[in-house]
Structure formats: C-alpha cells, structure tokens
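Using the sequences and the hints given, assemble the complete structure.
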Amino acid sequence: MSKKIAVLTSGGDAPGMNACVRAVVRSGIKSGCDMFVVYDGYKGLVEGKIEQVDRNFVSDIINRGGTILRSARLPAFKEDAIQEMAIKQLHDFGIDSLIVIGGDGTYRGARELAHKGINTVGVPGTIDNDIASTEYTIGFDTCCNTICECVDKLRDTTTSHQRCTFIEVMGNKCGDLALYSGIAEGAEMIITPDDPISDENVFAKLKSLKGGKKKHSLVIVSEKVYPNIFEFVKKVTEQTGIETRAEILGHLQRGGSPTSKDRIEATRFGIEAVKAILDGESSICLGLKNGKIVRYKIDDALQMQRKANHELLDAIKLVNR
Numbered sequence: 370m371s372k373k374i375a376v377l378t379s380g381g382d383a384p385g386m387n388a389c390v391r392a393v394v395r396s397g398i399k400s401g402c403d404m405f406v407v408y409d410g411y412k413g414l415v416e417g418k419i420e421q422v423d424r425n426f427v428s429d430i431i432n433r434g435g436t437i438l439r440s441a442r443l444p445a446f447k448e449d450a451i452q453e454m455a456i457k458q459l460h461d462f463g464i465d466s467l468i469v470i471g472g473d474g475t476y477r478g479a480r481e482l483a484h485k486g487i488n489t490v491g492v493p494g495t496i497d498n499d500i501a502s503t504e505y506t507i508g509f510d511t512c513c514n515t516i517c518e519c520v521d522k523l524r525d526t527t528t529s530h531q532r533c534t535f536i537e538v539m540g541n542k543c544g545d546l547a548l549y550s551g552i553a554e555g556a557e558m559i560i561t562p563d564d565p566i567s568d569e570n571v572f573a574k575l576k577s578l579k580g581g582k583k584k585h586s587l588v589i590v591s592e593k594v595y596p597n598i599f600e601f602v603k604k605v606t607e608q609t610g611i612e613t614r615a616e617i618l619g620h621l622q623r624g625g626s627p628t629s630k631d632r633i634e635a636t637r638f639g640i641e642a643v644k645a646i647l648d649g650e651s652s653i654c655l656g657l658k659n660g661k662i663v664r665y666k667i668d669d670a671l672q673m674q675r676k677a678n679h680e681l682l683d684a685i686k687l688v689n690r
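In this note's numbering, the protein residues as written are 370 to 690.
Treat the hints as calculated values from the structure; they're not laboratory data. A quick note: this is a predicted structure, and the numbers were derived from the prediction, not measured. Don't take every hint at face value.
Beta-carbon label-pair distances, calculated as ranges [as the list claims (entries may be wrong)]:
#	residue 1	residue 2	range
1	E448	K542	24 to 34 Å
2	R439	K630	16 to 26 Å
3	G649	K399	11 to 21 Å
4	D669	R532	43 to 53 Å
Here are the simulated lysine-lysine pairs, PhoX-like style, with alpha carbons at most 25 Å apart [stated by the list, open to error]:
#	residue 1	residue 2
5	K574	K522
6	K522	K584
7	K485	K373
8	K418	K372
9	K418	K457
10	K574	K593
Every residue gets a Cβ at the ideal spot worked out from N, C-alpha and C, and that includes glycine.
Here's what the structure looks like:
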C-alpha cells in the first residue's frame, strides 16, 4: 500500500512556499506516494479542505509568491477537541503523514498532531528568519531584496529633500531583516532588538552626520523597537533640527516572486521532508546548518534560543558607525 502524505502552509505567507509545495508533491509522487494538499492551513485541515493531487497540480508555481494553498490562523488549534477534528479528517482520507511549512506556531501544531499518532515534519517558512533551529528560512532572501528595492526608491526622495528617513521593516522580534538589508543599503544606522541604540545616541549620531556635511541619512529599524515610529521621528526632528520622516514598509515585504535562492532552498527542504517521512521520522523539523539540511525533534527545536549574528553586527560598527 502506498504511503499517503499531505502538505499544508500555515502562518504568514512567504515567497518560496510554492516552490516547497512543488518539491514535496513531485518528490512524493516520484517515491510512489499518494500526495494530498490541505487548503487554508490548520483551519482548512479541521474543515476537511483536503484534495489529492498529481504532479501537474504544481506546474508553473515555482516562480509564484505567496502560497497557492493559502493560509489562515487558528488559535483554537491548541485545544484537544480541535486537534481531534483535524486527525479525523486525515484518517477519513487515509492520510498518516503531514508536512507543514511555516514558523514556530506551525511547528507546535505539528508536534501536537504527532503526539496523537500523525507522522509530522516541519519545514521553516517565514520571511522573518526567526526560527532558532535553522540559519535560514524560506522567504527571507526575497524579503531582503524587496526591502532593498523599496529603500533604493526612498533614497532618491531622501537625498532630493536632504532629510533623514527612518524605514521600519518586519522581523517580529528578530532583527535579521533590518540587519541584512541595512548592510546591503549602506544605511547610516541599523537599529534592531539585537543591537539597540539609545535615543540620545541616535540624536548624537545624526547631528554628527549633519555636521560632517552629510545631507541625508537612512536609518533601518526593526518593527517593535519603537512603539510608534511616527512619534519617535518627531522627537528626532525636535532634538536634531533635521527634517525626519518615517516609512513603514508593511506587508508589501511579503510579496513578490521568490529569488533563485529561495526557490532552491525551498526545493531542497521539500525533498528532504518527504525523505524524512519515508525514513519513518515524526515530530521533527528541518533546518539549515552550515549549508546542510539537518533534522531536529520539534520539542528540541522549540527550546532553542535564537543567536544574533555577531559577525554582521561587528561589521556594521566598522563600516556604518
């Protein structure tokens, strides 16, 4: 009897998720498995939005952003009764294995299903790069490139009007998006949870730049560093005398066609996820370490603490400050 494997995407969408779904479906079929997709994440799983697919289902999606399987949040999935409904749906289709693509919350859902007898494998998919068990998450590279495209455009206006612009980027509690895009853009300051800068030092830095004949400045800031970045830039203007504006890039950072890096890494993750299922693994998640895909128990992965990239943090102190 062939193995029946389902795949879903959950949490925030990330460019490259489609490439991973494609790899899961096609490598699974190539390995003799019956492949299914679940629409609308765990919510769709509970509602039975499950469909068996063939390899043609994933044709021409490798270059598409977002997720063709859609995503939805379901906080109630932490409840046993809701999990049992999801398991019943899987059993009704004869499915015993589930591959989930998403972040830590997605992993927690997979862990609970594994405890109840469903073989589960988690694949890291989030633009924030905030999963501690992997050096890289699907969607991060595309998001960095999108941020850089936006900052390039904002630089034109910032330069023309000789002002300072604070650009708030996503990342949740992780500063990687700000750090990487800030270095790539040569920002005058990069402010992240991993490397905060006091208000007084921000003011002093901008004043020194103005005194050194720097006519404009770009500051990249992680979301949640300032409760209200628009109120903060008013303080900057008051304290420095420099016309300062704020821009929040928002959800446009999530969109767009995935970069080649995201397509390739997503494909590698998808193939490895199917291999893990066929190897009899369950309640595990995949990660990238030193360029190689590794497997971790989800329980262990969720206990890991994310480490800041001190090499890059030291680099910006040499070239940007």
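Hint by hint, which ones does this structure get wrong, listed from lowest number up?
-> Of the numbered hints given earlier, the structure breaks none, since each of them holds.
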